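**Student:** Take a look at the letters that make up each chain.
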Amino acid sequence: MSMIFGVPVAVLSGQLLIGVINGAFYALLSLGLAVIFGLLKIINFAHGAMYMLGAMVTVIMFDAMGVNYWVALFLAPVLVGVFGMLIEYFLLRRIAGQDHIYSLLLTFGAALMIQGILTNIYGVSGLRYSIPDLFKGGVNLGFMFLPYYRAWVIAVALVVCFGTWFMIEKTKLGAYLRAGTEDAQLMQGFGINVPLLISLTYGFGVMLAAFAGVLAAPIYSVTPVMGSHILIVVFAVVVIGGMGSIGGAIITGVLMGVIEGLTKTFYPPASSAVIFLVMVVVLMFRPAGLFGKEA
Amino acid sequence: MNETVKQTDIQKAILEQQQSEHRKKMILNGVLLVLLVLAPLVMYPVFLMKILCFALFAVAFNLLLGYTGLLSFGHAAFLATGGYTTGYLLSNVPWLTTELGILAGTLMATALGFGFALLSIRRQGIYFAMVTLALAQLVFFFFVQSSFTGGEDGMQGIPRGELFGLIDLNDNLNLYYFILAVFLGCYLLVQRTVGSPFGQVLNAIKQNEPRAISLGYNVNRYKILAFVISAALAGLAGSMKAVVFQLASLNDAHWHTSGEVILMTLVGGAGTLLGPVVGATFVVNVEYQLAQGPLRDWVDPILGGIFVLTVIAFRSGIVGEIQKFMRKNLS
Numbered sequence: 000m001s002m003i004f005g006v007p008v009a010v011l012s013g014q015l016l017i018g019v020i021n022g023a024f025y026a027l028l029s030l031g032l033a034v035i036f037g038l039l040k041i042i043n044f045a046h047g048a049m050y051m052l053g054a055m056v057t058v059i060m061f062d063a064m065g066v067n068y069w070v071a072l073f074l075a076p077v078l079v080g081v082f083g084m085l086i087e088y089f090l091l092r093r094i095a096g097q098d099h100i101y102s103l104l105l106t107f108g109a110a111l112m113i114q115g116i117l118t119n120i121y122g123v124s125g126l127r128y129s130i131p132d133l134f135k136g137g138v139n140l141g142f143m144f145l146p147y148y149r150a151w152v153i154a155v156a157l158v159v160c161f162g163t164w165f166m167i168e169k170t171k172l173g174a175y176l177r178a179g180t181e182d183a184q185l186m187q188g189f190g191i192n193v194p195l196l197i198s199l200t201y202g203f204g205v206m207l208a209a210f211a212g213v214l215a216a217p218i219y220s221v222t223p224v225m226g227s228h229i230l231i232v233v234f235a236v237v238v239i240g241g242m243g244s245i246g247g248a249i250i251t252g253v254l255m256g257v258i259e260g261l262t263k264t265f266y267p268p269a270s271s272a273v274i275f276l277v278m279v280v281v282l283m284f285r286p287a288g289l290f291g292k293e294a
Numbered sequence: 000m001n002e003t004v005k006q007t008d009i010q011k012a013i014l015e016q017q018q019s020e021h022r023k024k025m026i027l028n029g030v031l032l033v034l035l036v037l038a039p040l041v042m043y044p045v046f047l048m049k050i051l052c053f054a055l056f057a058v059a060f061n062l063l064l065g066y067t068g069l070l071s072f073g074h075a076a077f078l079a080t081g082g083y084t085t086g087y088l089l090s091n092v093p094w095l096t097t098e099l100g101i102l103a104g105t106l107m108a109t110a111l112g113f114g115f116a117l118l119s120i121r122r123q124g125i126y127f128a129m130v131t132l133a134l135a136q137l138v139f140f141f142f143v144q145s146s147f148t149g150g151e152d153g154m155q156g157i158p159r160g161e162l163f164g165l166i167d168l169n170d171n172l173n174l175y176y177f178i179l180a181v182f183l184g185c186y187l188l189v190q191r192t193v194g195s196p197f198g199q200v201l202n203a204i205k206q207n208e209p210r211a212i213s214l215g216y217n218v219n220r221y222k223i224l225a226f227v228i229s230a231a232l233a234g235l236a237g238s239m240k241a242v243v244f245q246l247a248s249l250n251d252a253h254w255h256t257s258g259e260v261i262l263m264t265l266v267g268g269a270g271t272l273l274g275p276v277v278g279a280t281f282v283v284n285v286e287y288q289l290a291q292g293p294l295r296d297w298v299d300p301i302l303g304g305i306f307v308l309t310v311i312a313f314r315s316g317i318v319g320e321i322q323k324f325m326r327k328n329l330s
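Protein chains in written order, with numbering that gives the first Met the number 0: chain D, 0 to 294; chain A, 0 to 330.
In isolation and in its complexed conformation, chain D is listed as follows (with noise of 0.2 Å):
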């Protein structure tokens, strides 16, 4: 068997794939974060609550009501989005204007409580759900095995990482929200909604965040608690990456899942770490981020 740096290919490639899919959750999820901190300066801490909610109702869906993974991967992202928007509306809304600090806290609490409540129904052991039938088995590459799966996690991660740069960067919709958070009064001023498009830039990056936990459902563990690790890995990601900056969250995203990868398989101790590593390293020498602008 073929080795690189004294590792068998296949563990290493292996790894790298897993690298690749974590990756692909990293940038979805840091995407949503830069999304709602970029055009509403939010710090969404219950982002991770989110993706568990994602999986967790796709997964309540399916037992309850026998609701596929086809249908969940459209409604449940729409479910958490609009559970999102109330929170936006009855709690954030009443706290806008003030220092930044206190939505962060607000989320947190949140965050707090949605999972502290699901825990106490569901328990924190992991729930079972199983991959749909069309991605069932896999393909092998030569060197490695790839399951379907996996492959169609990563293509739908990218397109919809690269379809929300597009939609935010390039088309009107996208100004629209970017000159709403550059001058809201004046926006108003031009009759267009403001809070409206608050309400609905929150509830899109919640989408985003719960779309990844109905993509997660099939392989880790659903549990109340599976957005709570995640969260801080993806916090890193965003200040890596460099706060508000789209583009670079997407890159940074799937950057740290394979960094990650290869920590796995050369230095095991330190693979939950090093995230954390590169974070230190990259704000020694560029406290914006790789991505960022000086602020």
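Any given hint could be a false lead.
Stated by the list, open to error - Covered by chain D, according to a simulated footprint, are these stretches of chain A (three or more residues, beta-carbon under 8 Å):
| no. | stretch |
| --- | --- |
| 1 | 101-111 |
| 2 | 135-146 |
| 3 | 253-261 |
Claimed, not checked - Over the 10 Å line for every Cβ pair with chain A, so calculated as not near, a few chain D residues:
| no. | residue |
| --- | --- |
| 4 | Val-6 |
| 5 | Arg-93 |
| 6 | Ala-150 |
| 7 | Leu-157 |
| 8 | Leu-261 |
Hints in this document: simulated from the structure, not taken from any laboratory. All figures in this text were calculated on a predicted structure; none of them were measured in a lab. From the three backbone atoms N, C-alpha and C, an ideal C-beta is built for every residue, glycine too.
Following the hints, complete the assembly by docking chain A onto the known chain D.
**Tutor:** Relative to chain D, chain A alone:
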């Protein structure tokens, strides 16, 4: 002529008011002190010590959030570092007296705080919060991987030892009065710091950082110093906590602990001296009472709810709201 008379009158009135306020404060502080000294006669000392440790933790945190305007989301790292260092030394170095062990834990947390500050101080607001959070997570993983921490079980059976080699701290009352003394010392230190010219500069940074810079202050140096003091006191709280419970656990390093100290400070009143103490007392009591009753599984959601409610409805916290009320109605 007339105007100078008015001026002196006004000055006199202000002085008198300040004196009467000062007197009121002294009376309040005296009453609180007596209560703290007598408390172990009616309450379980270990529970009181837990409150004191968390109160010190929150007081330390408040120096940053309340008086410098920096939200650190990584203070759990200092609490845990203090606890683990003290625990490790007291367990493994037989000749070390307890106060030296606590001192060593505090110093370790201080050094860590300096490192945190250097890396994070150039970022502001929520950026600062996220950087400190990620750094603390790095520390958390270090403790998870290290064998000396005892992993999930934590570091158990830390000996309480003897204070100065003389006073037996296995006696709960002895330990209580030692911790009370340290707590009061730190409280006075923070009070003094906040009132000092240094504290005034911190306040200026909180109010308007660009202005403080334009006045010629080296803002980053002030912020780093404030951060280091805060980290040191948080480490001290962790060290004492390890001695009280004879246990240092991963829980202390988890980011939920960083969230908890924010909650304590916010509920009590950020930017008030007594606020964090009241907040810590409140939160520790709520957790304890809930754990006893039928709602024992609902601690997290209830704390989350308190968090949301505090942020939305009374951001000044318990002490802050009382102060507002008194200012409005009693003067």
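**Student:** All hints are to be evaluated individually against the structure, with a verdict given for each.
**Tutor:** Hints versus structure:
no. : hint    : result
1   : 101-111 : violated (count 0)
2   : 135-146 : holds (count 6)
3   : 253-261 : holds (count 3)
4   : Val-6   : holds, 21 Å
5   : Arg-93  : violated, 5 Å
6   : Ala-150 : holds, 31 Å
7   : Leu-157 : holds, 26 Å
8   : Leu-261 : holds, 17 Å
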